[in-house]
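Work the whole structure out from these sequences, hints included.
Heads up: the sequence shown runs through residues 530 to 654, numbered per this note's numbering.
The hints are simulated quantities; they were obtained by calculation from the structure and are not laboratory data.
Simulated crosslink set (DSS-like; lysine-lysine; CA at most 27 Å straight-line): (1) Lys584 / Lys594; (2) Lys584 / Lys557; (3) Lys594 / Lys649.
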Amino acid sequence: KFPSSLYDFSDNQISDDDALCAASSEDKSVGLYGCDAILCPIGKWNMHGRRANEKDECTDCPGSKFLGATECDDDVDEEEEDGSLPSPSTDDSGLTSAEILSSLFDECRGNSWHRKDHWKQFGMS
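Here it is, written out as C-alpha cells:
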C-alpha cells in the first residue's frame, strides 16, 4: 500500500491502472475520487494528470490514449479512431523517432556506453 499523493505517474503512457489503484485503495484521496486520484482515465485529462482535489476534475479529451494525460490534443486523426496504430512520428526533417534516436546513439558514441542495450532494436514490445 502507498499514498498516491506522494507519487506522480502522469504522462507515462500507462494504459492499465488496476494495480496502482488496488495498491493505494486505502489512500484518502482514492477514497474520495476513486482511481482518478492516481491517474485520469483514458479519454480524459487535467493539468496534473490526476484528480488532486474537488475542483480538479478529469475532463473529456477524445485524443487522450493513455492514463494520466496532462495535455489534451483535441485533434484525433481519422486513422486512429478505428483503433489502428498511428504512423511513426516524424519531425520537421521527415525522420522517424527511431531514426532520430539511432542517430543520437551514433553521434554520442553509444557503442562505448556502459548501458547501450536495445538502443537500435526498434519495434520491441
